[in-house]
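Visitor: Each chain is listed here by its residues.
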Amino acid sequence: MKVLVPVKRVPDTAGEKKIDPNDRTVDRESVESVLCPVNEFAIEEAMRLKEQQDAEVTVLLVGPESAQPVVRKALSYGLDAGVQVVDDAVVGSDALGTAEVLAKALAAEEFDLVIFGNQSTDARTCLVPAAVAEILGLPALTYARHLEIDGDQITVHREHEEGWDVVESSLPAVVSVVEAINEPRYPSFKGIMAAKSKPLEVRSLDDLDVDTSRVGSDNAAAIMYEFRDRPPKEPGTIVEDDGSGAAATQLADWLVEKKFV
Amino acid sequence: MEFELSEEQRAFRDVLRRFADERIAPVARDWELSGRHPTEIVDGLAELGLFGILVPEEYGGLALDAVSYGIVFEEISRAWMGIAGFLGTHSLATNLLTRFGTDEQRRAHLPDLAAGRRISALGLTEPGAGSDLQGITTRAVRDGDAYVLNGVKTWLTNAAIAEPIVVLVVTDPTAEPRHRGLSLLLVDAGLDGVEISGDIPKLGYHGTSSHEVAFTDVRVPATALLGGEEGLGFKQAVSALEIGRVNIAARSVGLARASYDAAVAYATQREAFGHPIAEFQAIQLKLADMATELQAGRLMWHWAAAAMDAGGRSDLQTGMAKLYCSEMALRASLTALRVHGGYGFSQEFEVERYYRDAPLMAIGEGTSDILRIVIARRLIAGEALS
Chain A
1 MKVLVPVKRV PDTAGEKKID PNDRTVDRES VESVLCPVNE FAIEEAMRLK EQQDAEVTVL
61 LVGPESAQPV VRKALSYGLD AGVQVVDDAV VGSDALGTAE VLAKALAAEE FDLVIFGNQS
121 TDARTCLVPA AVAEILGLPA LTYARHLEID GDQITVHREH EEGWDVVESS LPAVVSVVEA
181 INEPRYPSFK GIMAAKSKPL EVRSLDDLDV DTSRVGSDNA AAIMYEFRDR PPKEPGTIVE
241 DDGSGAAATQ LADWLVEKKF V
Chain B
1 MEFELSEEQR AFRDVLRRFA DERIAPVARD WELSGRHPTE IVDGLAELGL FGILVPEEYG
61 GLALDAVSYG IVFEEISRAW MGIAGFLGTH SLATNLLTRF GTDEQRRAHL PDLAAGRRIS
121 ALGLTEPGAG SDLQGITTRA VRDGDAYVLN GVKTWLTNAA IAEPIVVLVV TDPTAEPRHR
181 GLSLLLVDAG LDGVEISGDI PKLGYHGTSS HEVAFTDVRV PATALLGGEE GLGFKQAVSA
241 LEIGRVNIAA RSVGLARASY DAAVAYATQR EAFGHPIAEF QAIQLKLADM ATELQAGRLM
301 WHWAAAAMDA GGRSDLQTGM AKLYCSEMAL RASLTALRVH GGYGFSQEFE VERYYRDAPL
361 MAIGEGTSDI LRIVIARRLI AGEALS
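Residue numbers (my numbering), protein chains in the order written: chain A, 1 to 261; chain B, 1 to 386.
In case anyone wonders, no lab produced these hints; they're calculated from the structure.
The reader is advised that the hints may include incorrect statements.
Here are the simulated lysine to aspartate or glutamate pairs, DMTMM-like style, with alpha carbons at most 25 Å apart [to be verified]:
1) A:K198 with B:E57
2) B:K235 with B:D188
3) A:K190 with B:D112
4) A:K17 with B:D14
5) A:K17 with B:D261
6) B:K202 with B:D14
7) A:K18 with A:E32
8) A:K18 with A:D88
9) A:K233 with B:E279
10) A:K233 with A:D20
11) A:K2 with A:E179
12) A:K233 with B:E7
13) A:K196 with B:E47
14) A:K196 with B:D14
15) A:K190 with B:E57
16) A:K190 with B:E7
17) A:K196 with B:E4
18) A:K18 with B:D188
19) A:K190 with B:D21
20) A:K198 with B:E47
21) A:K50 with B:E57
22) A:K196 with B:D30
23) A:K50 with B:D43
24) B:K202 with B:E40
25) A:K190 with B:D14
26) A:K17 with A:D80
Turn these sequences into a full structure, and let the hints steer you where they fit.
Guide: Next up, the structure:
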C-alpha cells in the first residue's frame, strides 16, 4: 500500500503573523516557519498504516528550497521518502492554484491513499483536500476523525457539528483528517538522524506538466484587496458577586445571550 | 566564529523542548512534591531513544556528540532537573561499557540498555569516600571463577531497578599508587548478598531515586570485570565520566533558564506601588545579571562539549564549565526566589524547587572545589587557555 501525505510550511502557529504590504502574502521573515501542526495528525495516521499494514509513505511539499527543513521534519517521524515541488511560478497561488500543483504532483506518483490535514493553520480555508480530489476525479473523504482500511475499501468517521457520519469508498481516495483522529508521536532521535539520508526528489512545474496559467498570484481566483491588523482585544466583563445571587443570574443571562446554552 | 547549532542539533532541541513543555513541566510540581514515580515520563524518554544516547549505533544506540548530549540534559532540566538524573547516570554507565567493556560484555548489555529494556547504575561513592575516590574500601577478592564482594556504596541513582550496577572496587589493596588497585565490576542487583536501601531522603533531586547498597559476600562472576583486566577501574571511571561534567553543566543551565523564565514572568505580572515590579531597577538589575550569567554558562558548556567532540584532552574545559554553570545555577535559583518574594518560598510556585535542586549541581560529579583543583593543576602544568 502506498500513502502520500501532502504537508505545508506555515508561520509558527503561536507567533504573531504579519502580511507583507508589498506582495500581500504572509511575511515569512517576521515569524519562524514550521511544519503545519495539523499535518502531524495526517503523518501519525500514515505512520499507523505503515506499522500495521506495511504502507510505504511519501511526504509531499510545495514550497521554496528554504522549506526543505519542513520536509526533513516530516521525514523524522519515520516516513519513507519526500517529494518537494520547487518553482518560483507557484508563489502567491491561492487554494485552487495550490490544488492544481498538488494534484499534478500526486498524479505523478503511485498511491492508494492521500492523507491531508483538514486545514492549514495559516490560511485555514479547508478547501485544498476536496479541490485536489475533484481535480483527480477521486472520492474525497474529508474531516475524518477515524480511519480504517480493509483491502481496497476505506471507511472514515466524518466529523460534523452534531457527531459524525460513517463514509465509505473504494481506494484510491483522498482523505483529510481532523485533530481528534489520533495523538501524534514525537519524532525519535533516531528518526531525526535518519531523516537526513531519506530520499528526497525535487520537481519543477515543468517536470509535472502543470499549466502555469492556473497558478501563481497573477492567476489567483481569490484576490486580497485590503488587509488590516487584528483589532485589539476588548477587555472582558467582570461579574462581581455581592452575595445576593444576582451574579449567577447575570452569568446565566450572558451565556444565553451569547448562545452558549 | 560559529555559535549556531547544526540543523540536527536544533531538531533534537526542538523535540526535547516540546516533550518537556508538554509532558514534564505540567506535572513536575505535583509529582515532585508527592514523590510519585515519573513512569510515563521515563517511558516517553525511552520512546525518544534517549536510553541509548551514548551507545554506539551498532548496539541500537544514538552515539550522540557531546553538544547534542548536553542539549538533552539542558532541556529536560529546564522542566524538572530530577528527571535528568536517572538518564544521566544510565548514560554514564553505558559509556563505561561502550568505552571499556569487552565485546562480550557490550553484546550482553548494550542492546537492552539502549532500548530502555533495562537501566543501569553506578556505584562509586562510599559513606567514607567521595571526593577521595581512591580511598574506597569496597573489596573484591578473587576466589576461583568469581570475585567475592564486601562493602557499602552510597548515592546510587537507579540502583533499585538497575541491571547492572557498575561498581568501583578494590582488587589489590597493596597497589601503589592506590588507583592501580581499583577495578570496575558489573554487578547484578539480584545477586545474593546485595541489599538496597530505600530512597535516601534528600533536599531536592526528587523524581530520581538514590540508594545505599550493601554487598555482603556477594559472588560476582569473574567475567563481570569491566574490560577483563584488573587495576584499570579508576582510569576507566575518570575517563568515561568526564562527559558527566558536560551533563551537569548543561543541567545547571537548564535549571538557571527555568529560574530566569519564572523570574521574568513573575516580575512583569506582579504589581507593587502601582507598577509591575519589572519596572523597578532593583528587579531589573537582578534580571540583567541572571540573563548575562545564563548566557555565559550556555556558551561555556557548548565550548567544553565542542572541545570534547574535537578529541584530545578537555578536562580543563569541562571542569571550568561544570564549576561555572553549577555555581551560576545556585545564584540564579536564589535570585528567582527573591524576585518572587514571599511566593518564592511557597510550594505553589516552581522556584522553590529550583532552589532545592540547584545545590546538587555544585556537589555531584565533582564538587566545585575538586574542580578548582583539577583546573589549577592543568593551568600550573602549563595548559594555555586559548
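Visitor: Does A:D80 sit within 25 Å of A:K17, going by the straight-line distance between their CA atoms?
Guide: 32 Å, violated
Visitor: Need the status of pair A:K196, B:D14: alpha-carbon distance at most 25 Å?
Guide: Measuring from Cα to Cα gives roughly 16 Å; hence the hint holds.
Visitor: Has the given pair, A:K2 with A:E179, been kept, meaning a C-alpha gap of at most 25 Å?
Guide: Holds. A:K2 to A:E179 sits at ~22 Å (cutoff 25 Å).
Visitor: So if I understand the rule, the pair passes when the alpha-carbon distance is 25 Å or less; does A:K190 with B:E7 pass?
Guide: 14 Å, holds
Visitor: Within a Cα-Cα threshold of 25 Å, do A:K196 and B:E4 meet the stated pairing?
Guide: 18 Å, holds
Visitor: If you draw a straight line from the CA of A:K190 to the CA of B:E57, is it 25 Å or shorter?
Guide: At roughly 9 Å apart (the allowed maximum being 25 Å), B:E57 and A:K190 satisfy the hint.
Visitor: Please work out if B:K235 and B:D188 have their alpha carbons no farther apart than 25 Å.
Guide: Roughly 22 Å between the alpha carbons, so the hint for B:K235 and B:D188 holds.
Visitor: Could you grab the alpha-carbon distance between A:K198 and B:E57 and see if it respects the 25 Å cut-off?
Guide: Holds - the C-alpha atoms of B:E57 and A:K198 are around 17 Å apart, at most 25 Å.
Visitor: Please verify whether A:K18 and B:D188 have alpha carbons no more than 25 Å apart.
Guide: 60 Å, violated
Visitor: For the pair supplied as a hint, A:K196 and B:D30, is the alpha-carbon distance within the 25 Å limit?
Guide: 39 Å, violated
Visitor: Run the distance test for A:K50 versus B:D43: straight-line Cα separation, threshold 25 Å.
Guide: Given that 25 Å is the threshold and the Cα spacing comes to 22 Å, the pair holds.
Visitor: Would you mind confirming whether the straight-line C-alpha gap from A:K18 to A:D88 stays at or under 25 Å?
Guide: The given pair, whose Cα atoms are some 21 Å apart, holds under the 25 Å limit.
Going down the numbered hints, you'll see the structure goes against 6, 12, 18, 22 and 26, while the others check out.
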